[in-house]
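4 protein chains.
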Amino acid sequence: MQFLSDNAAAVHPQVWEALKRADAADTPYDTDAISQRLDDAFSALFGQEVTALWVATGTAANCLALATMVQPHGGVLCHREAHIEVDEGGAPGFYLHGAKLVLADGDHAKLAPATIRAVLDAIRDDVHQVQVHALSLTQASEYGCSYRPAELAALTSLTSERGLKVHMDGARFANAVAFLGCSPAEACGGIDALSFGCVKNGAMNAEAIVFFDPTLAHVARYRRKRAGHLQSKGRYLAAQVLAMLEGDLWLANARAANAAAAEIGGAAGARLLHPVEANEVFLACTAAERHALRAQGFGFYDWGPDAARFVVAWDTREEDARALARAIAAL
Amino acid sequence: MQFLSDNAAAVHPQVWEALKRADAADTPYDTDAISQRLDDAFSALFGQEVTALWVATGTAANCLALATMVQPHGGVLCHREAHIEVDEGGAPGFYLHGAKLVLADGDHAKLAPATIRAVLDAIRDDVHQVQVHALSLTQASEYGCSYRPAELAALTSLTSERGLKVHMDGARFANAVAFLGCSPAEACGGIDALSFGCVKNGAMNAEAIVFFDPTLAHVARYRRKRAGHLQSKGRYLAAQVLAMLEGDLWLANARAANAAAAEIGGAAGARLLHPVEANEVFLACTAAERHALRAQGFGFYDWGPDAARFVVAWDTREEDARALARAIAAL
Amino acid sequence: MQFLSDNAAAVHPQVWEALKRADAADTPYDTDAISQRLDDAFSALFGQEVTALWVATGTAANCLALATMVQPHGGVLCHREAHIEVDEGGAPGFYLHGAKLVLADGDHAKLAPATIRAVLDAIRDDVHQVQVHALSLTQASEYGCSYRPAELAALTSLTSERGLKVHMDGARFANAVAFLGCSPAEACGGIDALSFGCVKNGAMNAEAIVFFDPTLAHVARYRRKRAGHLQSKGRYLAAQVLAMLEGDLWLANARAANAAAAEIGGAAGARLLHPVEANEVFLACTAAERHALRAQGFGFYDWGPDAARFVVAWDTREEDARALARAIAAL
Amino acid sequence: MQFLSDNAAAVHPQVWEALKRADAADTPYDTDAISQRLDDAFSALFGQEVTALWVATGTAANCLALATMVQPHGGVLCHREAHIEVDEGGAPGFYLHGAKLVLADGDHAKLAPATIRAVLDAIRDDVHQVQVHALSLTQASEYGCSYRPAELAALTSLTSERGLKVHMDGARFANAVAFLGCSPAEACGGIDALSFGCVKNGAMNAEAIVFFDPTLAHVARYRRKRAGHLQSKGRYLAAQVLAMLEGDLWLANARAANAAAAEIGGAAGARLLHPVEANEVFLACTAAERHALRAQGFGFYDWGPDAARFVVAWDTREEDARALARAIAAL
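Protein chains in written order, with this note's numbering: chain A, 80 to 410; chain B, 80 to 410; chain C, 80 to 410; chain D, 80 to 410.
So that you can see chain A by itself, here it is in the shape it has in the complex (with noise of 0.2 Å):
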């Protein structure tokens, strides 16, 4: 009964079938018949024309688009509790050569017009001072709330109007998307890149970038390169990224680890202490709670001394996250 993480669960059937089928050999890196179809596919998806590229991980997807949009010198604007920020090893640092990452706050992980603002204003327009060049916004948040469609408006106006670019880390944007139950391309209307999660969800090892621009593109297909991402076999990711698009698994997958989620979320009433959006609940728990979760046999992080954090991936069992929601209520 593990709720410690959704990044190391089991590979979903569709995938393993589609990997199989990308046996056959094919032409190098991303020449292959399979990558060939991932701008089609995500062009359907979001109605409108995009450039797609497969890449390993969340960490390069999130660093190789914020490298099409900041220069060196440049910031990139990001919540304080952003896993480019706090997870992922200094990579944004190593990506885009040592630009920095300009931070704000916001409830529940989440970025507002006014704090944006508030940061930006307080920079001097001068070459003392770094200047942010990029925002980087994550749907759903660490925290599993998701940006409705208007806050997103509110906030690319803004950046539109300071002439910022926009990237959205999309770990778990299905979920968000999936929660929101809006389209996928109302769920991160007017970004410029977005980092499209498959491993939490269903994948073994694949992501996609998503450029609205393709001239970010262009420059993210040599950094790819030029990080050591660009897979021989690539055929092998692009088959994981369009078997969890098929027949909209990737939804299917986050509807489920949602829902499981919410019962989770709505037994916990009063303890929770933020808002369950997407496939993450937190709830205020004392360290004698938690270990009495934890002697029931149920897996999870603390979070900080007083919280404990349950992530439900798109495998857990309902009548695992069914056990959970009745012991936290019996709490």
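If you are wondering where the hints come from, they were derived from the structure by calculation, not from laboratory data. As the structure is a prediction and not an experimental result, all values here were calculated from the model. There's no promise every hint is true.
One copy or two, it doesn't matter: identical chains are merged, so the pair holds either way.
As the list claims (entries may be wrong) - For lysine to aspartate or glutamate, the following DMTMM-like pairs were computed, each having C-alpha atoms within a straight-line distance of at most 25 Å:
id	residue 1	residue 2
1	K99	E265
2	K99	D200
3	K99	E325
4	K99	D399
5	K99	D118
6	K99	D119
7	K99	E397
8	K99	D184
9	K99	D327
With chain A fixed as given, assemble chains B, C and D onto it according to the hints.
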């Protein structure tokens, strides 16, 4: 009847089985039980304590290894036709933060003490010129030629005298060991880190970096994460690498490819541009002859205006190799 | 009556004389006779063998020093208001190849063991988070406050326990030493490298980096050239630095500036935001009051909406400082 | 009687005077009145609107200029003996974040369209090979040879066709203009940025980067600060540069040096390895002959085993040059 490259071949059935066995959820990154077995497996293979890290591509393996040996203001001495110089899209410049590749010549894309010494001695020992911090060798070389243990001993004696670290690009290390008939340790004696290739030899997307010096491995762990190469479901990479080692699958695959290359090389006679000491055959060959071969259904790359390269993969069919040998003999 | 900054004052007459004496042609870079005297001069000053390099700016001094202590995947712990974080245009990101500045708080822009420990302890010891490799202190701090020798001892005891190198930004080191009344060595005890500021204290464009560890200096020589900071007529920089040391001109200039600042601070009474322990005075001050001061001819910077900063330079006229003191007292 | 280099000569009296005049305190960095005059002065010199930035060294000038033209994943095509390749301690790798120097050959260290085209055409247009983003020329070349306006036109026609930016290393631009007898604009026609050398020609420690494209200058301003090259007392650098331009001191100094070099070259006859088109003379010369010259008191560098290099500085005494000419003629 493709002899274009070994880099896009199918995945070996034993690797597929290992991947499926890895499907059971485990802890993320490289904390899982399968990843934890890598050090022991490679220590057994090399007959000494080593530390091994999985990584998805050969470019990442080479560059992460070198990044532990070379400071940004230093240089790497390598052959003018080394993969890191010619075919990695500038990845060494990225991973080594602008360190310089210092080029040397040598027949068959191999380096020798005299040529290395000449290059080193031409560098003034002052801050105006980039000082070499490490040597990178390729085993087997870009022209499919293998360093004998005695050649390696002469090279590492020089590097030790000059205080240089040594990296080996072993994208086709298996083919070199199969050709040399020596132990794996003898085929890389005296080096500090080896990029142990699997992808060209039956894996899907996993290579290993083997560190003979554990302090380098410690740095490499941070750099791997920082480069976005620490996959969350790392067990699928570890499983591939272990499958290659198990029952010496790596050697069996390389032997099969080498044998077919030897047969083709044997038919080439005086056309051979380099001795066949791995799984690659380089032939002098006019445009008309290449046309004739292609008309018979053989796929391969031109190698400049007057030559052709044929690469045998682990899964090249014996009859295809035989057919190619006959066709070359008949030219 | 300018109190804007000490960074654009005139060049001291003794520095001019030294510059002129350096005009006789000599060997280039730092091989000339004047540059060769730097190590001895600073070794005498600090009472121990040190290695000193000239460099044109404080930003270069800070970043070159740090680049010898911090690997690209590491971090530098510094105060949230440190010059390297706030005012160097991202230079640390450039020189340290993307290493991260890890920020801590502290009154008067000074760091203390407890705040440092709290920051370090919040960093998980794994590859997902950037590990701190060095600490950077500023003496005197951004708010003109000086670390006492005992404070430094407590800090370097902690860094030594945690295996961190220590850099000191001494853009106003002279002012700190003048205030503390201790020896130069006591004002930077236990650190590994010091940016010894001269430009704000009477030089034209020369600072020194003093390395208490010669192996760091060795690396810095290469990095200085690589950064385009090895001037071919380096003797003109060395001459400036030596002129500052000769007859303790550096201390005399700092004492004069400190005395004037003390007089101004004394007049400020309860308005003082930070104790005056160098040559800067920070006052609580309304917009109307600032307007009144400017109307009397005083130049200075606003420091947020409710404060003002006054900096005394080595060549500030005593009567100007006295006039300012009177004007502040009369507010 | 030193002919070692022009890089450590004395400072010209007119430059000293300008430095002294700059002593009056002004605003910091490049906001002072003297720095503000640079754009106009260079616009007048080149007969078109340009933007000019001061910087302390030629290495910084070259690298900052190139950094505005080349993305980190790109390359710079330059001569195999260019200063940026051979003598800048890897600074281009640092400033360009790992971009690659792509080398071409050419007599007299000059490049020609045919050799450039050959290099460019050998680079496959794919992500595996580094694509060239800019060309860097040296005027006068490393062997003291000058590009004629028609040669430049042929080169920039090619770069324009290939979409490459063009940088010119003009450490000895003055000498080239003096030799060519053309206008400054003709000596660098069609380029995007020029490192306008002053240090070798009478300044203390100031060069100028002249941008013919103002958007590049905008980026360079940020990069200069980020590289620690924005001096707080920048007026002293601006003053040097303006002093060099005033009354065409830059040309007068170069003409004097060129004339002396021509006299030495004229005495050398068939020994001359390169035509004397600036202030450098390269002679075929045995070890015994070099010994004989040194015994007569002449200082110079060996240039490999069978040659010697003589450089005339702005302040070389005429009688010394004449003595050297006689001594060479007498060999």
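A quick look at each hint next to the structure:
1. K99 <-> E265: neither (34 Å within a copy, 37 Å between copies)
2. K99 <-> D200: neither (53 Å within a copy, 40 Å between copies)
3. K99 <-> E325: both (16 Å within a copy, 22 Å between copies)
4. K99 <-> D399: between (31 Å within a copy, 24 Å between copies)
5. K99 <-> D118: Within one copy only: 22 Å inside a chain, 29 Å across chains, cut-off 25 Å.
6. K99 <-> D119: within (22 Å within a copy, 30 Å between copies)
7. K99 <-> E397: between (28 Å within a copy, 24 Å between copies)
8. K99 <-> D184: Answer is neither: 45 Å inside a copy and 43 Å across each miss the 25 Å cutoff.
9. K99 <-> D327: Both, since 20 Å and 24 Å are each at most 25 Å.
Hints 1, 2 and 8, counting from the list given before, are not met by this structure.
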